[in-house]
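Chains as they are written, first to last, in the numbering used here: chain A, 77 to 483; chain B, 429 to 774; chain C, 126 to 424.
Hints in this document: simulated from the structure, not taken from any laboratory.
Certain hints may be false.
[What the hints assert, rightly or not] Think about it this way: if two alpha-carbon atoms lie no more than 20 angstroms apart in a straight line, the pair counts; the simulated EDC-like pairs of lysine to aspartate or glutamate are:
| id | chain 1 | residue 1 | chain 2 | residue 2 |
| --- | --- | --- | --- | --- |
| 1 | B | Lys732 | A | Asp390 |
| 2 | A | Lys206 | B | Asp595 |
| 3 | C | Lys250 | A | Asp390 |
| 4 | A | Lys413 | A | Asp390 |
Model, not experiment: these values are computed from the prediction.
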Amino acid sequence: MKTKLNMFIGFLLVMSILIGFSAKYISVAKAQGVLKDKIIIGTISPLTGPIAMVGIPIADAVKDYFSLVNEQGGIHGRQIEVVSEDDKYEPPQAIASLKKLIDRDKIFALASTSGTPITAALTPTIEREKIPSMAPIPAYGIFEPKTPKHIFAYGPFYADQVIFNIEYILFNLKAKDPKLAFFYQDDDFGQDGLRGFRAAVEKYKLNVVATEKYTRGAIDISSQVLNIKRANPDFLIVTAIPSHAIMLLKEAQKMGLTIPIFSCANARLEEVIKVAGSAADIYHCAEYAALPNEIEIPGMAKLIQNRNKRNPADKIPPKYYILSYVNALILGEGIKKAGRDLTRETLVKALESLREFNTEGLTGPISYSQDDHCPMTAMRVVKANSKTGFYEPITGWELTRINIRQK
Amino acid sequence: MRSGDFKTSYKEDISLLQTTFIKVCIGLFVISLIGFVLIADKYFVYIINLSAIATIGSLGINLLTGFTGQISVGQAGFLAIGAYSSAILTKCGFPFLLALPLAGLISTIAGFLVGIPSLKLKRLYIAITTFAFGFIIEHLANSWVSLTNGAQGMVVSPANIFGINIDTDKEFFFLVFPLAVLATIFARNLVRSKPGRAWIAIRDRDIAAEAMGIDLYRYKLSSFAVSSFYAGVAGSLMAHYFQYIGPTHFELLISVQYLAMIIIGGLGSILGSIFGAVFMTALPELLKLLSDLFKGSFPIFGEKFADINMILYGLIIMLFVIIEPKGLNGIWNNVKVYWKMWPYTH
Amino acid sequence: MFSEEVANFLQLILSGLAVGSIYAIVALGFVIIYKATDVLNFAQGELMVLGAFVCYFFIVQLHIPIIWAFLLTFVTVAIIGFITEELFLRPLVGEPIFSVIMVTVGLSIFLKGVIGLLWGYMIKKFPTFVSEAPISFSGIVISPIHLATIILTGILIVIFALFFKFSIMGIAMRAVANDQDASLLMGISVRKIFGLSWAISAIVASMGGILLSAITILHPSLSFVGIKVFPAVVLGGLDSILGAILGGLIIGIVENLAGGYIDPLVGGGVKELTAFVILIAIMMIRPYGLFGKEEIERV
């Protein structure tokens with residue numbers, strides 16, 4: 077009898093401790109992340125795992141940009157605090173990160189929604205909580221057919237980039253009836269490239285001699301390259317991730333496939349040139365941001381100067397750093413335009429009112445509207461130079477001629 | 429604790445909750461949980477909801493792997509089938525209350541099919557078969573675009589019960605928690621009755637079990653079937669909670685996580701499944717909260733905290749299994765025994 | 126010399142041998158551990174990548190000449206493998222095999238975190254140690270690194286065949302794999318054999334990692350190969366060294382042939398499924414693999 081009583085009391089004690097402890101975490105009032113002197117911004121991106129090579133620069137760029145803004149006095153007297161979360165590129169983790177950022181860190185806006193499948197998983201929560209969010213990657217699946225109310229991005233979809241490459245072949249190289257081959261990754265990213273490829277082929281009545289694909293994680297693409305070689309194309313269009321772009325270049329060089337290869341902007345990494353070496357000399361990319369070696373562009377010079385102040389491990393800003401930096405620029409401009417009376421609604425309205433936003437040369441001008449949260453921005457074709465280890469632009473900034481956007 | 433505890437009827441003897449003490453404890457627990465959910469942040473409710481869904485899934489796999497000894501590395505596949513079935517059914521106009529059990533049933537059929545080879549194969553080879561199954565399902569989810577929208581994933585409408593949309597975390601709790609409780613009670617009862625005993629016999633010595641008259645075919649298949657039903661239900665709940673599913677939600681990693689749940693929780697224990705599910709769901713979040721606390725004091729680590737989290741996560745899993753192979757349930761039992769004999773424990 | 130069709134076929138076989146050799150080496154690491162300790166090492170892929178990064182560290186960050194760097198790498202990973210076994214696996218002797226596998230799962234996450242912490246996630250180039258110029262003859266091309274991989278696989282087959290048949294350590298390992306208790310009675314230190322098997326497996330894994338990184342890129346994502354070789358291991362038989370190697374080679378070749386001949390007909394995607402189709406086929410026809418020993422259950 078006595079033991080039972082003791083146990084009971086012990087249990088009550090434990091329960092009350094738990095409840096008391098949890099009371100510490102209970103928040104009732106909802107601060108929207110805008111305080112008198114502070115604005116809290118969150119980022120979600122993979123900081124571990126293979127995609128961290130994209131996720132870490134994305135988070136760094138946001139932090140660095142707003143550090144600069146803070147040093148220059150903040151926006152309308154408020155300092156910007158950035159909180160970065162690791163989603164490990166897993167959707168449930170990303171959703172947990174977002175809820176944590178909203179509830180515990182009280183963020184006002186989200187400067188990075190991580191990769192495309194993650195952004196898709198976050199969308200229901202973002203829309204329900206009405207959090208203005210910037211997506212680092214312009215993805216067809218997120219922005220069409222319906223424009224998400226609170227998610228913004230900029231740039232061409234992979235389909236647009238493929239079309240741009242093909243139009244370069246047709247109109248700049250003036251190739252007559254070129255034989256095309258297409259190589260892509262077998263998931264939503266590669267399939268978007270395929271969508272653009274098919275649209276261009278249909279519009280321009282082009283001759284396709286080979287279409288090959290590979291699965292993410294494959295360590296060997298030699299049979300695909302062999303098939304492409306056998307079909308004897310004049311140009312190879314590619315929608316692949318950097319690791320497989322590298323494998324493709326090496327394999328092509330080995331097999332003696334020397335035709336020009338055109339890839340999308342996501343694989344326009346300096347690492348591709350570094351690892352592929354001389355095999356990269358036939359490598360071209362459609363790119364919609366400025367290159368890190370273009371220090372004559374004022375925006376790029378400022379970006380590099382700001383970045384170097386924060387002691388990065390290397391002096392060359394990675395591609396996704398540049399893309400995310402522009403997102404931060406856009407977000408900062410939106411906050412500025414919304415004025416001192418800053419709420420989530422005024423921020424969204426301010427962003428949607430941006431017209432021809434000038435990123436000082438980092439990208440083409442960006443214009444939003446209520447209907448369009450991911451405008452196509454100008455691209456260039458850039459070519460890899462294995463001697464310098466950098467890319468060089470070989471066209472001017474342009475849009476695609478055919479527009480397969482639904483807006 | 430149990431002294432002076434006499435049963436005077438069969439009903440009392442086989443009741444699920446044996447003593448008043450336990451009944452009171454569980455009652456208090458449920459009340460405090462509900463109270464907590466009502467006043468807490470969405471973030472914490474999210475963790476609780478995820479844990480509840482994971483509990484259903486882990487009960488399923490514990491029945492199959494912990495109780496029947498059939499190692500399954502394909503839980504993600506059954507989850508996927510449940511999730512996609514439910515998503516497609518609701519898209520076609522089925523009400524959620526119907527789609528949920530149907531998704532479970534479709535998953536059950538898959539479970540039957542996967543269970544058939546188990547009759548001929550042993551232990552490790554069942555693991556390999558289920559592993560292949562998981563891979564195939566993931567591949568199908570990716571390629572069968574007309575059904576699943578492929579790699580882009582599917583938007584799923586929120587659970588809709590009698591016209592009310594279950595749209596927030598707190599509302600969802602009141603859907604998933606009763607289901608989890610039901611699942612636990614059902615599993616507990618299964619385990620203490622004839623099927624459960626047959627499964628345990630198959631796990632321990634299947635040749636002897638067969639010799640004693642237990643139909644291996646029937647019980648192995650039923651184990652697969654029940655386990656995949658649970659997984660199907662969990663998958664359906666997941667789909668309607670996240671309101672979006674994609675092939676990336678059902679990779680091998682998920683199957684491995686469920687196995688980790690039952691090993692850390694306690695193989696062959698219902699309570700262990702719950703412990704494991706909660707632990708594995710809450711651990712990454714706990715590490716996040718911990719590292720937030722430390723980020724201030726050790727800014728050097730600031731950049732690399734995510735990697736350190738991963739190291740700790742792996743280390744904790746390893747140490748857990750090494751130190752207490754019987755898992756959290758083993759620790760729980762040890763604690764109970766300690767207090768039972770206190771102050772005469774030795 | 127060869128007609129285009131024949132050259133094409135031979136090219137596919139040769140490339141298949143090359144990638145199959147990578148599978149074979151990784152599968153070999155798996156099987157060594159399984160054979161000696163009955164453990165399926167989920168962290169094999171991470172061990173492989175760790176070996177590659179350790180070698181990178183010696184060559185690029187410490188500027189040690191290549192041959193010495195290789196040897197240092199083997200010694201380092203052998204020690205890491207041995208210590209891992211002593212620290213994390215030995216306490217679990219006697220526990221259900223399932224728990225042990227879960228420890229290897231935890232180990233794989235742990236190693237992933239360590240590799241990420243020490244070397245980051247940017248794509249790196251593994252320093253070249255063989256010429257990059259492709260060798261071609263009669264219309265068939267192979268790169269020297271691929272050739273090196275195939276040759277290494279052949280050498281490993283011979284080394285391990287000899288090791289297990291004639292050396293004391295090798296015979297001791299076979300004894301332990303066969304019957305732990307009897308081995309203990311015969312005076313074999315089962316402890317040391319367990320540790321040794323992990324050490325050897327780590328060395329083999331690092332060889333695979335170095336070669337794979339040289340062929341493709343140096344990046345933590347390569348650890349995925351650890352899972353990919355599962356079909357090879359099953360095909361060959363979980364406890365057969367020769368089987369692991371042959372299994373890897375066969376899958377590499379069949380994958381490539383499927384990619385070369387069937388993919389163009391169906392629009393692609395068959396190549397990646399090949400390994401799993403083979404896996405399922407083997408499970409149905411001959412679950413113990415080509416060379417595995419059938420488990421006879423004693424009542």
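Could you work out which of the previously given hints the structure breaks and list their numbers from low to high?
As far as the earlier hints go, only 4 is violated by this structure.
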